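Chemist: Sequence:
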Amino acid sequence: MIISLVGYMGSGKSHISKILSDKINFKLIDLDKEISRRNKLTIPEIFEKKGEIYFRKLERETLEEILATQENIVLSLGGGTPVYYNNMEIINNNSKSVFLRASVSTLAERISKQKEKRPLIAKIPDEDIPEFIAKHLFERNVFYSKAQFNINTDNKNPEEIIQEIIEKLYL
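If you read the sequence shown in the working numbering, its first letter stands for residue 1, the second for the next number, and so on.
Think of the hints as simulated: they come from the structure by calculation, not from any bench. Keep in mind that this is a model prediction, so the values were computed, not measured. Note that beta-carbon positions come from the ideal geometry of N, C-alpha and C, so glycine has one too. Treat the hints with care, since some could be wrong.
Label pairs and their calculated CB-CB ranges [stated by the list, open to error]:
#1 Lys-33 / Glu-109: 20 to 28 Å
#2 Ser-105 / Glu-139: 12 to 20 Å
#3 Lys-57 / Ile-166: 32 to 40 Å
#4 Gln-70 / Ile-166: 20 to 28 Å
#5 Glu-139 / Phe-47: 14 to 22 Å
#6 Asn-86 / Phe-47: 31 to 39 Å
#7 Glu-52 / Glu-89: 34 to 42 Å
#8 Pro-44 / Glu-131: 17 to 25 Å
#9 Lys-57 / Lys-146: 18 to 26 Å
#10 Lys-27 / Gln-163: 32 to 40 Å
Heads up, simulated DSS-like pairs for lysine-lysine below, C-alpha to C-alpha not over 25 Å straight-line [what the hints assert, rightly or not]:
#11 Lys-96 / Lys-18
#12 Lys-40 / Lys-115
#13 Lys-96 / Lys-117
#14 Lys-146 / Lys-18
#15 Lys-33 / Lys-23
#16 Lys-115 / Lys-18
#17 Lys-135 / Lys-113
#18 Lys-113 / Lys-123
#19 Lys-123 / Lys-23
#20 Lys-146 / Lys-49
#21 Lys-115 / Lys-27
#22 Lys-135 / Lys-123
#23 Lys-117 / Lys-18
#24 Lys-146 / Lys-168
#25 Lys-18 / Lys-40
#26 Lys-146 / Lys-123
#27 Lys-113 / Lys-50
#28 Lys-156 / Lys-115
#29 Lys-96 / Lys-40
#30 Lys-18 / Lys-168
#31 Lys-49 / Lys-156
#32 Lys-23 / Lys-168
#33 Lys-33 / Lys-96
#34 Lys-113 / Lys-18
#35 Lys-23 / Lys-96
#36 Lys-23 / Lys-40
#37 Lys-113 / Lys-156
#38 Lys-135 / Lys-117
Let's have the full structure, built from the sequences with the hints guiding it.
Modeler: Here it is as C-alpha cells:
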C-alpha cells in the first residue's frame, strides 16, 4: 500500500509522513528529496538552472515510478504536485491519498517561521503572507480536495493526526 500525503506547504506533510512511516513500518519517500537525490541538485537549483516546466516533468516521472512500486510507502508530495498534469488522478488510482488541510492562519504561522527554507515566500513581507496563501489555496484546493481522505490539522498534534489517518485507512 502507498499512502500519499497532499497539502499546502506548512500543512505538515514532511513531519507527519516521517512519524507515520515509523509507526506503521512503511518506507518513507519525500518526492522533492527523491527528485533532488536523483538529479544531484536542490529543488531551487533545478528551478533556477532548468526551469519549472523541466522540474514538473521530472516530478511527474518520479511520481509515476514511485507509484508503480509494490512497496509499502508513505509518500510526502510537494505542495504543487497534485496541481499539474493529471497527477491527482494518478495519485488516487495508485495510492490512498490524504489531504492534510489547515487554515490560512495556521499555514501562515507555520510558514512564516521557515521563510528562508521556502523560496516561494522568501521575499514576501510577513504581513502579506496570509493573503498570498489564501489566493494560492483558492487555486489549489480544487486539486487537494480530490484526495480520498481529508484531515483537518488545525489545533491537532501529530499523534492525533496520525491516529486519524490510521483510523480512516483501517491500518
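Chemist: All hints, please: hold or fail.
Modeler: Taking the hints in turn, this is what the structure says about them:
1. Lys-33 / Glu-109: 20 to 28 Å: 24 Å, holds
2. Ser-105 / Glu-139: 12 to 20 Å: Roughly 19 Å apart at Cβ, these two residues keep to the hinted range, so it holds.
3. Lys-57 / Ile-166: 32 to 40 Å: 34 Å, holds
4. Gln-70 / Ile-166: 20 to 28 Å: Given a distance of about 21 Å, which is inside 20 to 28 Å, the answer is holds.
5. Glu-139 / Phe-47: 14 to 22 Å: With Cβ atoms ~19 Å apart, the hint holds.
6. Asn-86 / Phe-47: 31 to 39 Å: For Asn-86 and Phe-47 the Cβ distance comes to about 22 Å; the hint is violated.
7. Glu-52 / Glu-89: 34 to 42 Å: Between Glu-52 and Glu-89, where Cβ atoms are some 21 Å apart, the hint is violated.
8. Pro-44 / Glu-131: 17 to 25 Å: 23 Å, holds
9. Lys-57 / Lys-146: 18 to 26 Å: 22 Å Cβ-Cβ, so the 18 to 26 Å window holds.
10. Lys-27 / Gln-163: 32 to 40 Å: 21 Å, violated
11. Lys-96 / Lys-18: At roughly 17 Å apart (the allowed maximum being 25 Å), Lys-18 and Lys-96 satisfy the hint.
12. Lys-40 / Lys-115: 23 Å, holds
13. Lys-96 / Lys-117: Answer violated: Lys-96 to Lys-117 is near 28 Å, above 25 Å.
14. Lys-146 / Lys-18: The hint holds at about 23 Å.
15. Lys-33 / Lys-23: 21 Å, holds
16. Lys-115 / Lys-18: 22 Å, holds
17. Lys-135 / Lys-113: 20 Å, holds
18. Lys-113 / Lys-123: This hinted pair holds, its Cα atoms lying about 13 Å apart.
19. Lys-123 / Lys-23: 37 Å, violated
20. Lys-146 / Lys-49: 32 Å, violated
21. Lys-115 / Lys-27: 29 Å, violated
22. Lys-135 / Lys-123: Roughly 17 Å between the alpha carbons, so the hint for Lys-135 and Lys-123 holds.
23. Lys-117 / Lys-18: Given that 25 Å is the threshold and the Cα spacing comes to 19 Å, the pair holds.
24. Lys-146 / Lys-168: 16 Å, holds
25. Lys-18 / Lys-40: 22 Å, holds
26. Lys-146 / Lys-123: Violated, at about 31 Å.
27. Lys-113 / Lys-50: 28 Å, violated
28. Lys-156 / Lys-115: 23 Å, holds
29. Lys-96 / Lys-40: 29 Å, violated
30. Lys-18 / Lys-168: Cα-Cα ~18 Å, so holds.
31. Lys-49 / Lys-156: Violated, at about 39 Å.
32. Lys-23 / Lys-168: 15 Å, holds
33. Lys-33 / Lys-96: Holds. Lys-33 to Lys-96 sits at ~21 Å (cutoff 25 Å).
34. Lys-113 / Lys-18: Holds: Lys-113 and Lys-18 sit about 20 Å apart, inside 25 Å.
35. Lys-23 / Lys-96: 17 Å, holds
36. Lys-23 / Lys-40: 30 Å, violated
37. Lys-113 / Lys-156: 18 Å, holds
38. Lys-135 / Lys-117: 21 Å, holds
Going through the hint list in order, the structure does not satisfy hints 6, 7, 10, 13, 19, 20, 21, 26, 27, 29, 31, 36.
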